[in-house]
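Protein chains in written order, with my numbering: chain A, 1 to 323; chain B, 1 to 323.
Quick caveat, the hints were computed from the structure, so don't treat them as lab data.
Please note that a few of the clues may not be correct.
As the list makes no split between identical chains, a pair holds if one copy fits it or if it spans any two.
[Claimed, not checked] Listed below are the simulated DSSO-like cross-link pairs for lysine-lysine, each with C-alpha atoms no more than 30 Å apart in a straight line:
(1) Lys19 / Lys126
(2) Lys312 / Lys256
(3) Lys128 / Lys236
(4) Lys266 / Lys281
(5) Lys40 / Lys256
(6) Lys19 / Lys128
(7) Lys252 / Lys126
(8) Lys236 / Lys252
(9) Lys278 / Lys252
(10) Lys269 / Lys128
(11) Lys257 / Lys128
(12) Lys308 / Lys126
(13) Lys126 / Lys281
(14) Lys266 / Lys5
(15) Lys120 / Lys256
2 protein chains.
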Amino acid sequence: MHSFKELIAQFNQYFDQQKFPEQPATLYNSASHILNMGGKRIRPVLCLMGNELFNELNPDAFEAGTAVELFHNFTLLHDDIMDKAPLRRGKPTAHTVYGESAAILAGDVMLINVYEHLNKVNAGYKQKIISVFNRAAIEVCEGQQMDMDFESLDPEAVQYDDYVNMIGLKTSVLLAASLQMGSIIGGAGDGNQQHLYAFGKNVGIAFQIQDDYLDAFGDPEKFGKQQGGDILVNKKTFLLLKAFELCNPAEKEQLKKLLTSSPDDKVNKVLDVFSSCKVDKWAEKEKERFTQLAFNNLDEIAVLSARKEPLKELANFLLERQQ
Amino acid sequence: MHSFKELIAQFNQYFDQQKFPEQPATLYNSASHILNMGGKRIRPVLCLMGNELFNELNPDAFEAGTAVELFHNFTLLHDDIMDKAPLRRGKPTAHTVYGESAAILAGDVMLINVYEHLNKVNAGYKQKIISVFNRAAIEVCEGQQMDMDFESLDPEAVQYDDYVNMIGLKTSVLLAASLQMGSIIGGAGDGNQQHLYAFGKNVGIAFQIQDDYLDAFGDPEKFGKQQGGDILVNKKTFLLLKAFELCNPAEKEQLKKLLTSSPDDKVNKVLDVFSSCKVDKWAEKEKERFTQLAFNNLDEIAVLSARKEPLKELANFLLERQQ
């Protein structure tokens, strides 16, 4: 058994050996560009952890991990084009450096490479691994489309449950599938695979609620982002959508007005509405609810509880919980 | 054994049963849009023919055929975005109808679906099938990038051999891989697979030379396209690149001038240079050279020659040869 930190180090060592061909340079420089921006490599580590929950680490988990990390970066590359984002992690995005066509194509070639890695896993579970991956990959695309569809609607027109569904698809199913793929490599049975998948999905949703909460109410110095960044761009978040459900008619009017204007104190005024309708308290509870669901899922997995410790640690770390 | 026409009918019946989910509508309508434009479905029929060259038709060849047809349409969808093409087959392209973001994402979800079909083939040759497909798919992307890179260069700066290589990657390797995938499903050995692959690649290049030739010198009524369409948009073709090699300094100057201007009689003037430097005769010979290479490859395949008849017929049909 290895700690989260040890697994990240092991994976990075493996992942950094993978190189794209040198030619055509425009194509592969664009693909390398997004990978060189770094990242926490959470998803591949979930593959390794899913494997180690049930068995010794198998080289196939590194292949599956490489596949999900390439896929995740492919989605970032194409999402940045769709969002017309000039920057990612403070650096120019691939399409601004290499042009949109090269960036579309670089994403495509990365997605094909995903399957080069999945194709290396043992024939005994190859079909199952590709199938679990494909379902998640398709759902990520569906989630992205739903997100774009929601963006064109008024916040009031988006149902909270639809939003949870969208966020689940866009951000959580790949975490869940990463764990499940690892567990398949580790030899887990169907029931254990499903509990682990559910754990990953619920942790993902709790994390996203926390992310929205911290953007609004977090300490900007600690969080490393501008406070209220989501509010400034009228981003649909758990908080904004739920606020429309929770607030009274006067607050609702105020919120609508704030969304169509940009006063200097927009962030503070929106935060005042959020606080008065107690959507901050609601978010804390909702995050806790999904966290609890996740830990219940983990409890259901039929392995010695000592083996679950790294996953508990990771969830507590991601969800900023004190033990 | 089935004829080309019978195999097309069988494939279409199978392919048309495949439906995308209904939601999210923007995503899947955009994917269906390109498929509904039709097409000759040559590539999947090559899968079926590659299979039948060695054995009875296997349902796996329909899965592999569906995969290559989806992949081909995915490339058209993304290429149209890169080329900013408003029309395909006289109809508005997917990105003009559904927006660029939905079209990028629809291509992505189609590419993932490719692997859903490849994942259905027998475990005994799944790894090999995915591996052959992936190599071709990566090469198609590389060819597309090389094509875009060449577009920004002067025609004189593009070497003929590099252009043949690019065209091979962009248009021929998928034909070749379709045949090879079918042959794997039919149980062919490595040697026969390679000969069949080479046959497909050489037919593809001969076809592309013919396509360039007909665009310039073909009968517009028979060809169904405007004569000299490539010339009008200064498209790099076999003819233009070779003309720069074959023509004398005066002709070269004239060609350069014509490329930077658009006189009313541009097409005729370029055709005059093509004729005087005999690039038309060269193209006929070059097409014949690749065709001969292809038929030599077919001869090398160790099966009864009667089994090769449908492939010969298809090649003669595609290359407009009288038997």
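Tested hints:
| no. | hint | in the structure |
| --- | --- | --- |
| 1 | Lys19 / Lys126 | both (24 Å within a copy, 25 Å between copies) |
| 2 | Lys312 / Lys256 | neither (40 Å within a copy, 69 Å between copies) |
| 3 | Lys128 / Lys236 | neither (35 Å within a copy, 45 Å between copies) |
| 4 | Lys266 / Lys281 | within (21 Å within a copy, 72 Å between copies) |
| 5 | Lys40 / Lys256 | neither (37 Å within a copy, 53 Å between copies) |
| 6 | Lys19 / Lys128 | both (27 Å within a copy, 22 Å between copies) |
| 7 | Lys252 / Lys126 | neither (52 Å within a copy, 57 Å between copies) |
| 8 | Lys236 / Lys252 | within (15 Å within a copy, 60 Å between copies) |
| 9 | Lys278 / Lys252 | within (13 Å within a copy, 77 Å between copies) |
| 10 | Lys269 / Lys128 | neither (50 Å within a copy, 61 Å between copies) |
| 11 | Lys257 / Lys128 | neither (51 Å within a copy, 60 Å between copies) |
| 12 | Lys308 / Lys126 | within (25 Å within a copy, 34 Å between copies) |
| 13 | Lys126 / Lys281 | neither (45 Å within a copy, 52 Å between copies) |
| 14 | Lys266 / Lys5 | neither (40 Å within a copy, 67 Å between copies) |
| 15 | Lys120 / Lys256 | neither (53 Å within a copy, 50 Å between copies) |
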